[in-house]
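*Asks:* Residue numbers (my numbering), protein chains in the order written: chain A, 1 to 271; chain B, 272 to 542; chain C, 543 to 864; chain D, 865 to 1186.
No false leads were slipped in.
Estimated spans, in silico, between C-beta atoms of each pair:
hint	chain 1	residue 1	chain 2	residue 2	range
1	D	E918	C	R765	29 to 35 Å
2	B	T311	C	A667	46 to 52 Å
3	D	E918	A	E176	52 to 58 Å
4	D	D1163	B	T360	24 to 30 Å
Quick caveat, the hints were computed from the structure, so don't treat them as lab data. For each residue, glycine too, the CB sits at the ideal point set by N, CA and C.
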Amino acid sequence: MRTKPERAHPVLERVAVVANDRVTEGVGLLRLRAPRIAATVHSGQFIHLRIAVGADFILRRPFAVHRRDGDVIEVLYRVAGRGTHDLETKRTGQEMDAIGPLGRGWEPGEVSSALLVAGGIGAAPLGMLAEDLAARGVAVSVALGAPSGERLVARGLFERVARRVGVVTEDGSEGETGLVTLLTARWLEQETFDVICACGPEGMARAVAEQARFARVPCLVSLERLMACGVGVCLSCVVSTTHGLKKACKHGPVFDAEEVVWDASESPQRA
Amino acid sequence: MRTKPERAHPVLERVAVVANDRVTEGVGLLRLRAPRIAATVHSGQFIHLRIAVGADFILRRPFAVHRRDGDVIEVLYRVAGRGTHDLETKRTGQEMDAIGPLGRGWEPGEVSSALLVAGGIGAAPLGMLAEDLAARGVAVSVALGAPSGERLVARGLFERVARRVGVVTEDGSEGETGLVTLLTARWLEQETFDVICACGPEGMARAVAEQARFARVPCLVSLERLMACGVGVCLSCVVSTTHGLKKACKHGPVFDAEEVVWDASESPQRA
Amino acid sequence: MPPSPRSVPEGMRPSTGAASVDMTVQLAGLTLRSPVMTASGTFASGHEYAEFVELERLGAIVTKGVSLEPWPGNDSPRIAETPSGMLNSIGLQNQGVEKFCEKQLARLGGVDVPVIVNVSGHSIAEYAAVVERLEQEPGVAGYEVNISCPNVDEGGMAFGVGCTPAAAVTRAVRDVTSRPLIVKLSPNVTDIAEIARAVEAEGADAVSLINTLLGMAIDPETRRPRLARVVGGLSGPAIRPVALRMVWQVAQAVALPVVGMGGIMTGEDAVEFMLAGAAAVAVGTANFVDPTSTRRVTDGLREYCVRHGVPRVRDLTGAMDQ
Amino acid sequence: MPPSPRSVPEGMRPSTGAASVDMTVQLAGLTLRSPVMTASGTFASGHEYAEFVELERLGAIVTKGVSLEPWPGNDSPRIAETPSGMLNSIGLQNQGVEKFCEKQLARLGGVDVPVIVNVSGHSIAEYAAVVERLEQEPGVAGYEVNISCPNVDEGGMAFGVGCTPAAAVTRAVRDVTSRPLIVKLSPNVTDIAEIARAVEAEGADAVSLINTLLGMAIDPETRRPRLARVVGGLSGPAIRPVALRMVWQVAQAVALPVVGMGGIMTGEDAVEFMLAGAAAVAVGTANFVDPTSTRRVTDGLREYCVRHGVPRVRDLTGAMDQ
Ligand SMILES: Cc1cc2nc3c(=O)[nH]c(=O)nc-3n(C[C@H](O)[C@H](O)[C@H](O)COP(=O)(O)OP(=O)(O)OC[C@H]3O[C@@H](n4cnc5c(N)ncnc54)[C@H](O)[C@@H]3O)c2cc1C
Ligand SMILES: Cc1cc2nc3c(=O)[nH]c(=O)nc-3n(C[C@H](O)[C@H](O)[C@H](O)COP(=O)(O)OP(=O)(O)OC[C@H]3O[C@@H](n4cnc5c(N)ncnc54)[C@H](O)[C@@H]3O)c2cc1C
Ligand SMILES: Cc1cc2nc3c(=O)[nH]c(=O)nc-3n(C[C@H](O)[C@H](O)[C@H](O)COP(=O)(O)O)c2cc1C
Ligand SMILES: Cc1cc2nc3c(=O)[nH]c(=O)nc-3n(C[C@H](O)[C@H](O)[C@H](O)COP(=O)(O)O)c2cc1C
Ligand code: FES
Ligand code: FES
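Looking at chain A on its own, in the form it has when it is part of the complex (with noise of 0.2 Å):
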C-alpha cells in the first residue's frame, strides 16, 4: 500500500524562531525559519531540535512538522518537561538548531478518501497530512480527541481542509462525551476510507488500529519513543514489529500498524 516517496538527506540547520505563540492551556505553536528542512519535508516528519545549549540536559527533542509555509515549519509542541518548558521561553528572532527532515512520515499511496484520527498533542503530525491530502483532492475526515476542550489542538486547520471534523472529550467539554474511538467506530461502521492515518497516546493508536483491522481499512499509525540520536544511530528508539525491531526515527515514526507489537511499556507516555 505505501509508496515510497525518494526521502531527501536530513541536513543540520541553524532555524530562527519566527513566532511562537500560545494556542492553548500548555500548548504552544511555534514557527521556525528552516529553508533548508522546509524544502524537503514530507507530512509526518520530525526534526530533532536543540532547545539549549550549556543546559544541564543535553540530548535534542524531537517534533514533527506540523505544517510547512514556505521557508517556514510549523511545530506545535505540548510543554512535558524542561526541554519543552524552555521551548515555550523563545522569542522571535533566537536561533537554535534542527536536524531534519527526519525518518519515514506519512506515505498513505493514492487514495481518494483518509481518516485522520488524532489524540490530543497527536495533532501536530497530522496538518500537514490534511493539507496535502485535501490539495490532492482526497476527501479527509478528522476525529479529534481530547481530555477536554482547552486540550483541543489545531481544530482550526482542520476544519478549513477537512470534509468533516468531529470532536469528542473525556469531559464532554467539547463535542461528544468519552474516547475519540466512540467516534471512528460510529465512522468506520457508516463509511468506508481507503486509509487511517492516526496519531496520538499509544493506546488511542492500538485501539484505532484494532478498528482499522476489524474494518479491514489500512491503517498506518505514528508512534513516539525516546529518541537520543534521531538518525539510526543509537538504538534507543526501537519499536517490535513483526519484523523485528524497527528504528522509530529511521523506519518510523510512522509504521503500518499492522506490523506493529503493541507493547504499551515501549512508549514514553508510560510515564
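With chain A's structure known, arrange chains B, C and D with the ligands on it following the hints.
*Replies:* Here is chains B, C and D with the ligands on its own, set in the frame of chain A:
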C-alpha cells in the same frame, strides 16, 4: 588599626536587573535592585550570585559590590568565562538570586588620607570605598593600572570623588607606561598616607604590599579565591596567613597585607 | 532547579493537608524529625546556614570530618567546576577533635537537632581515638565514620575500598561506642554491596553513601591540573545516577538502613533515593548552590507525599515499582 | 557548547597556518590521520553521520559492538537523560557478525578510514570466535574488545571488573589475531590501572577507556525505573572528570597507548585527555547532541595546537604540567 563595624547577617535575596551596560571591551556594569543587601552592605563586601539555573555550571559566582545607590547595588564585571558570559546577556527585569552582603570589607579605621590602588577589574571593590572615604572627608588618591587604556575601568567614578587619580598602562595607551607600582612608588616617596587599599592581580597586590611595608603605611588587600559556598562552609577559599589558613569569604576578601603569606598558586588568576 | 512544569493532574491533589504527612524516620536507633540530613563537609556545623534554614527542621546535622589532631588540608586551588558538578580536594582540613568539641559542638548545644559527627583518621587507632574523645560529649547523637575520603593520602578512602580495612575500622569504632554508628562508603569500588556487608557484619548500625567519585580536570590553557592535588572528589547532580544505583544495590544487600546522597537538589531527587531503598537522605553540594536547599528538599518531599497520598514518608523506602 | 569567551591574547596567535599542525598519531601499529575517533555505539558504522561529517577526516571509526549471533538488546525504555549526561541500556543489540560483515563492513569498503570493530561476547570463546570470523575481512583495521558493557547480564562488564577474566579475554583474542588489539576497560572498578596492566601483560596493543559508569534513574511519578532494565550506562559530560582521572592513572601504569573518552564535547576537552596521557580520543554521546561533533573536536584540537604553537598533536600526550 582595623575597627570592626557591625556586620549584618547575609540574606538570600531575589535581585532584579535594572540595567546592564557595556563599559569597555569585555567589561560590563550591572545594576541590581537589591534593597535588603543594599541596606547593610559595606565597601569591599561581595555578593554570591546565582547567574543561571538549570545550566551545566552549577556554582554561584562572587562579585564585589562596586557601588551602592539607594536600593540598587552595582557590579562591575569582567567577562572571564561561562558565568560572566551569561551575565552579559541579562536584560533589564530579569531576576537572579544573590547572597549578601558577604565577607569582611575595607575597614581602614579613622584615617585622613588613603591611597587606593586598582589593577584592571580590581577597581570593582574600590568604588564604594572611594565614595565613602570622600564623603567622610578623607583625602583619596587613586592609582589605576591596566594592560591598556581600554582595560581601564571606573576612572570616571574615581575622578569624581578622589583628590587625585593617576593612570598607568602597560602599553602606554593611556597615562604613564608601565605597571601601576611605578606610580605608587613615586607617590609613597613624595608623601605619606594613613592607609593603602589595593585590589588587582595577586602579583600587583603583593608588590603594593611590599612598597607599603617599606613606607610603613598600613595596607589592606582584597584577594580572590575560587569559592563554592561563599559563606564559610566549604573551605575552598583559604588564604595562607600568619595566623594559619583563613577563609577569603568570611575573614576576607579584604586582609591586612601584613598577615598574608603570599602564595601565587592560591590565586585563581594563576590560570 | 526550576519548578517542574509537570502539572498535577486534577483530582490527584488529596484533601489531606501538608501537616498530616508523618515525616519521621528511624535511623540507627535515632528518631529523626525528617529524613533530610546534611552531607558532611557541606554544612560545616550548621551555624553558617542557620541564617537561611531552621536547623531544627533538619533530620540531623552531619558535621565536617573531624580527626584527632588538626589537619591543614590540601593546597589551593581546592575546587573546580565540572559539568553539573564540582571537584573538591579540601582534604579534611579541620582543627582536631579538641577544638571541635570546644567550639563547634558547644555552639550546637542549644539547637534541638541530632548532631552526627563525621569521623576521619589516618589509622584505625585514630578513628577509635576520635570517637573515644567524643564519647565524653553529651551533645553527640552518633557517628558517621568516613572511610571514603578521596582527598587524603593516608587513611581516608584507602579504608573504604577493601572489605578488610573497612571491617577493621568499623570494628575498632564499634568497640568504643554504643552510640549509633553509620559507616560512609566509597563509590570508587567494584562492588559496593560487598563492602556494605563487611561493615554490617562488624556492627555498623547504618551505612551512608555515596562519598565523592574520584575525578580530575585540567586547564588546557596552562596545562596544569585544576586542583593543586591533581585529583579530587566529584559531587553534585552529575553523580546522581551512580549514587542512586549504589543505594539500590546496597539496600538490597544489607538489612541496615541506608542514608542516600549524591547530587540531591530537589524533593523529587530525594524521593528517587528513598524509592531506591534509602531510609534517609543527605543534601551536600546543593547547599552551595542554594543555601535553602535542605528546606526546599524537605518541603518537596512532603509535597510529594501529599500529592501521592503517602501518609508516612518512610513508606517510600524501597518502594520502587519494578 | 558555546564558543569559549576566553579570547586569545594578542600576540599569542602564531603565524603558522592551521595546515601546519601534524595531526597524525600512532595507535597500536596504525597511523591515524587524526587522534579523533568515534566511540563505539554512538556512530553506528558511520553511514548515518556521513551526511554531517567527512568520514575520511576521522582518525578511525569504531563500530557498534558485534557478537557472534544476533542479540536483541534490552527492553524499552532504553535511555534516560540525567544532569549533563544520559543513561543507556541498549544492551548490545546487533545483527551478529555475519550480517555485520555483509552489510556494515561492505558499506564502509569505499571509505578511506581505518575501521576498528568493537567486539562483544557472552563467553571468552565467543569473543575469539567473532574475531576469527572478522579475520577473513580485509576491511578491518583492528579490534576493540569490549569487556566493559554494563548492559548485558552475562559477559560484558563481568569480564572487565576482574584482572583474571580481563586477561583471559585478551589472551584468547590475541591468540587468533595479529591485528591491532585494543581492550576497552570498565570504569566500574576499584583499580583500573591494575586491569590495564593485566591486559597489557596478555598482549593488548592499546587500551581504551572509559566505558559507561553504571547508573540508574527512577521516575518519582510512576515509581518505576526510567530504564526497563533498571540500571544502565552513564555517559556524557557528567562523567568527564572520572574518565580523565582514569586515563591519567592508566597512562602512568602501562606503556600501552591509551584511547581516552568520556564526555568529550569540544576540542579543549580532547586536549585535556591528551594532556592526561591519551594518544587518541573518542567522541561518543556528543554525536547525538551535535552530529558534527567529531569535526568540531578535530578542528578545536588543531586550533589549540596552532594557538599554543604545538607542531605535532601527539606532543600533547602526557604533557600535563604538574
Ligand atoms: C518522532 C516524534 C515526534 C514528536 N512530535 C511531537 C510534537 O509534534 N509535539 C509535541 O508536543 N511532542 C512531540 N513529541 C514528543 C516530544 O518529543 C516530547 O514531549 C519532548 O521530547 C519532551 O521533552 P521535555 O524535555 O519537555 O520533557 P522531559 O522532561 O524529557 O519528559 C517529560 C515527559 O515527556 C515524555 N517524553 C520525553 N521524551 C519523549 C519523546 N521523545 N517522545 C515522547 N514523549 C517523550 C517523558 O516520558 C515524560 O513523561 C514527539 C516525539 C517523537 C518521538
Ligand atoms: C570576593 C570576590 C570578589 C570578586 N569580585 C569581582 C568583581 O567585582 N568583578 C569581577 O569581574 N570579578 C570579580 N571576582 C572574580 C569573579 O568571581 C570571577 O571572574 C568569576 O567567578 C568568573 O566566572 P566565570 O564563570 O565567568 O569564569 P570561569 O569559567 O569560572 O573561570 C574563568 C577564569 O576566571 C577565574 N575565576 C573563576 N572563579 C574565580 C573567582 N572566584 N575569583 C577569581 N577568579 C575566578 C578562573 O580561574 C578562570 O581563569 C571576584 C572574586 C571574588 C572571590
Ligand atoms: C566541599 C566538600 C567537602 C566534603 N567533606 C566531606 C567530609 O569531611 N567528610 C565526608 O564524609 N564527606 C565529605 N564530603 C562528601 C559529601 O558529604 C557527600 O558525600 C558528597 O559530596 C556527595 O553528595 P552531594 O553530591 O550532594 O554533594 C564533602 C563534599 C564536598 C563537596
Ligand atoms: C547509546 C550508547 C551505546 C553504546 N554502545 C557501546 C558498544 O556497543 N560497545 C562499547 O564498547 N561501548 C559502547 N558505548 C560506550 C561508548 O563507546 C563510550 O565508551 C561511552 O559512552 C563514554 O563516552 P561518551 O561520554 O563520549 O559517550 C555506548 C554508549 C552509548 C551512549
Ligand atoms: S533515536 Fe537513535 S536510533 Fe533512533
Ligand atoms: S567559599 Fe566556602 S568557605 Fe569560603
